[in-house]
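Visitor: This is what each chain is made of:
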Amino acid sequence: GAVVSQHPSWVICKSGTSVKIECRSLDFQATTMFWYRQFPKQSLMLMATSNEGSKATYEQGVEKDKFLINHASLTLSTLTVTSAHPEDSSFYICSAYLRLGPDDEQFFGPGTRLTVL
Amino acid sequence: DAKTTQPPSMDCAEGRAANLPCNHSTISGNEYVYWYRQIHSQGPQYIIHGLKNNETNEMASLIITEDRKSSTLILPHATLRDTAVYYCIVRLASYGKLTFGQGTILTVHP
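Residue numbers (the numbering used here), protein chains in the order written: chain A, 776 to 892; chain B, -12 to 97.
Because the hints were derived from the structure by calculation, they are not lab data.
Remember, predicted model here, so these are calculated numbers, not experimental data.
Don't be surprised by glycine CBs; every beta carbon is placed ideally from N, CA and C.
Treat the hints loosely; a few may be bogus.
Partial chain B-side listing against chain A, Cβ under 8 Å, derived [what the hints assert, rightly or not]: (1) Cys(-1); (2) Gln32; (3) Ser81; (4) Lys84; (5) Leu85; (6) Thr86; (7) Phe87; (8) Gly90.
Restricting the straight-line Cα-Cα distance to at most 30 Å, the calculated cross-link-like pairs of lysine-lysine (DSSO-like) are [said to hold, decoys possible]: (9) Lys816(A) x Lys839(A); (10) Lys839(A) x Lys56(B); (11) Lys84(B) x Lys839(A); (12) Lys(-10)(B) x Lys830(A); (13) Lys816(A) x Lys(-10)(B); (14) Lys56(B) x Lys830(A); (15) Lys56(B) x Lys84(B); (16) Lys56(B) x Lys816(A); (17) Lys56(B) x Lys841(A); (18) Lys816(A) x Lys795(A); (19) Lys56(B) x Lys(-10)(B); (20) Lys(-10)(B) x Lys795(A); (21) Lys39(B) x Lys830(A).
Here are some chain A residues the structure puts well away from chain B; computed CB gaps all over 10 Å [what the hints assert, rightly or not]: (22) Val779; (23) Gln781; (24) His782; (25) Asp802; (26) Gln804; (27) Leu821; (28) Gly828; (29) Tyr833; (30) Thr853; (31) Pro861; (32) Asp863; (33) Ser864; (34) Ser870; (35) Asp878; (36) Phe883; (37) Thr890.
Start from the sequences, fold in the hints, and give me the full structure.
Guide: In structure tokens:
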């Protein structure tokens, strides 16, 4: 199957700093990528839909000014957590969306563990 | 998207078949049933999906009832590496978005 990478795999930062997470589709082009957040012992929650060349679409309750998403190319989307606080500590997962005729599939990255001190 | 209901947890002995049920009584005619799993601290992995016919691939089989109100994911010979959270998701094809419920924690024991 297609491979999606995330970098970094884990990051620890101080409160008030910004953190950038990269999501790359390694062997296919993805016009759409999704960003999810997962708190301990909870399910994945969709944060936003990232479309190449246009503004991201955020889910209700997700602050677009805090979670900046850029999808500058067909293989790269970035999520920047601005002015991070301890409550932003979470597991962030991206997926790359591939449409195959009438069918489609999402390929997930391995996730990035963010800890804000 | 239609809602799904899954048991919170299940156990299975290694080498035996694991049968994971999912109820989706409000599914509409053009919605598919998707299954993903998430091994601890990793991203989800696609397993299988289907519309109304039973499906089989190298990982699992998907059995969908005739009225499409429920389905069962079958791992024919569970191994310890199949221990994970299994998510049943119902959605339109080519819709893109996935809405994850709480899933079923499957524990495979020796």
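Visitor: Going through the numbered hints above, which ones does this structure break? Give me the numbers in ascending order.
Guide: 1, 10, 14, 17, 20, 21, 22, 23, 27, 34, 35, 36
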